[in-house]
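Q: Given next are the chains, with one letter for each unit.
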Amino acid sequence: MTRLRIVVAKPGLDGHDRGAKVVARALRDAGHEVIYTGLRRTPEEIVRIVEDEDASIVGLSSLSGAHAFLFPRVCELLNEAGLGDVVVFGGGIIPQADRPALHEAGVRGIFGPGTPTDEVLSFLEEVVERRANGSPCGVGEGSDWRRS
Amino acid sequence: MVHHAVLERAAIGVGVDRLDSISLLNEAKNGSRRSLARLLSLIQSGDTTAIDTVQNPPASRSLGITGPPGVGKSVLTDRLASAFSDRGQRVAVLCIDPSSPVSGGSLLGDRMRMEESGADERIYVRSVATRDAVGSLPFRLSAMADALAHAGHDRILIETAGVGQTELGIVSIADHVLLVEGPERGDIVQAEKAGILEMADVVVVNKSDLPGAEQAASDLRSGLEFGRASTVPVLLVSALNHTGVVDLVETIENLIPSDTVSSMRWRLRLLESLQQTVLSDNRLEDLVRRLGDGEVSLQQAVQELLQPEDA
Ligand code: B12
Ligand SMILES: Nc1nc2c(ncn2[C@@H]2O[C@H](COP(=O)(O)OP(=O)(O)OP(=O)(O)O)[C@@H](O)[C@H]2O)c(=O)[nH]1
Ligand SMILES: [Mg+2]
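The listed protein sequences correspond, in order, to chains A and B. Quick note: the first sequence uses this note's numbering, first residue 1, plus one each step. Quick note: the second sequence uses this note's numbering, first residue 149, plus one each step.
Simulated from the structure, these hints should not be mistaken for lab results. All residues carry an ideal CB built from backbone N, CA and C; glycine is no exception. Heads up, a few of these hints could be off.
To be verified - Taking beta-carbon pairs under 8 Å as the criterion, some of the chain B residues facing chain A (in silico):
1) Arg-186
2) Pro-249
3) Gly-252
4) Asp-357
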């Protein structure tokens, strides 16, 4: 298995952190190095953390309803910072109706309540595979590829 | 541009194209955080070219911040980082957390408490997992600190993982060591036993907003009086409420390197480097097997390891 450096971030004012912590632990137990940002980070801070930590993947967690603004904003800033090869995924309370716009912004996977950990891990395995054979999957790599 | 896929392969040791550490270092010197971040990844993964490029770093001051789990090292590190940054110093922080010996994974959570330095874009913060290190300090930590110095950081803070009894390693890496204690007496007894109290340059009793802090500080002072470290300052701080931080910053600024400690540091550094050499020796696995099968004694195994590898 490839050890990844993954940032798990809580953008905005949302104070629900249980889900993010559950996911962070699951990723750790799968052998990854997980940097947990803690609550209330701005999109700018999150991008700086991804950059400083040399993370190749960032997972965003939101339960407050602000995902529609915050997730695309993180994607946009990653691209502006030249971090278009970073993979963005996320979870929390994200209604189906909001998902196409997030996919459009470059979010490659969205996982709601009750998602089994294995699903998230198999998403990451697919990312690693795609990278190994040069298929696009980063936020700025202009691809239709996505999982859920 | 160096791609992540390449770095990931480098991280797991699969042969790859030789990455250009020198240009990463030059870009880092010109302010590229990403290049610095990637250089640090290469160094930690053991890339010898990357490690060689960061030899002979320019002057910088490094401070190890150590102490038992949960005493407030991260919050205090955060406050110190922004205080030094406000004084015009270029601050970098390395936060160490353990890797799971079972999964190899790590939950790097110190940043969670670093609200001020997170918002200050002048500060570079990097979380470091201990990976395959035997103790609580990751291998190549000194080289990582050297890379930060090359990139222009003149104040380097290293927060260790919450330490148990035998953690003295940080003394061999940082110029000075700050020991953080809490108001509970139990922690202090642990520190005395571990001998780390003797090695600290400054001692802080954090959480001075809670009862018992004054008492803890006076216990620590009398503990120190019996040792050779009687001049070590013991300060009361509440990282949470920002009290005592200004005095602490002054105290740290006025530290001067001491010669007696210096030989002890070199001793520890030598031992650390020896340990790394042994762990990366190709003959190790075979020797471990032969030891297990009773084919060689421990003494013989040590003798064999001390011979040059290709002999
Ligand atoms: C527990 C809870 C709280 C706790 C939070 C405790 C904490 N520290 O987390 C408390 C009581 C504090 C709280 C407060 C509030 N809450 Co509340 N809360 C909940 C509740 C009941 C459960 C959330 C939870 O912890 N689930 C368990 C975890 C494990 O699941 P999860 O977070 O969904 O995470 C899973 C997946 O979503 C996914 N996932 C999540 N993040 C990520 C990230 C990545 C990268 C990936 C891959 C996957 C992933 O994987 C996780 C594991 O399967 C939900 C209702 C619900 N059923 O979800 C409401 C809910 C989220 N809260 C809600 C509201 C409105 C509030 C308040 C505003 C209420 C108020 N008026 O005061 C406050 C706001 C607090 C704040 N500062 O933000 C609403 C949000 C509505 C919306 N989105 O439009 C909800 C949906 C309830 C509702 N139906 O109205 N809340
Ligand atoms: N009352 C009080 N609480 C504090 C103070 N400083 C830190 N804390 C709290 O102590 C808890 C642990 O703080 P951390 O900074 O994470 O402690 P740590 O030593 O870095 O912990 P590890 O890295 O896990 O060993 C948090 O809940 C902090 O809010 C303080 O000065 N006073
Ligand atoms: Mg900490």
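Q: Quick one, is the B:Pro-249 hint okay against chain A at 8 Å, beta carbons?
A: violated (11 Å)
Q: Less than 8 Å between beta-carbons is the criterion; does B:Asp-357 satisfy it with respect to chain A?
A: This interface hint is violated because 21 Å lies over the 8 Å limit.
Q: Under the criterion of a CB-CB separation shorter than 8 Å, is B:Gly-252 in contact with chain A as hinted?
A: B:Gly-252 check passes; min Cβ-Cβ to chain A is 5 Å, inside 8 Å.
Q: Holds or violated: is there a CB of chain A closer than 8 Å to the CB of B:Arg-186?
A: holds (6 Å)
In this structure, the earlier hints numbered 2, 4 are contradicted, and the remaining ones agree with it.
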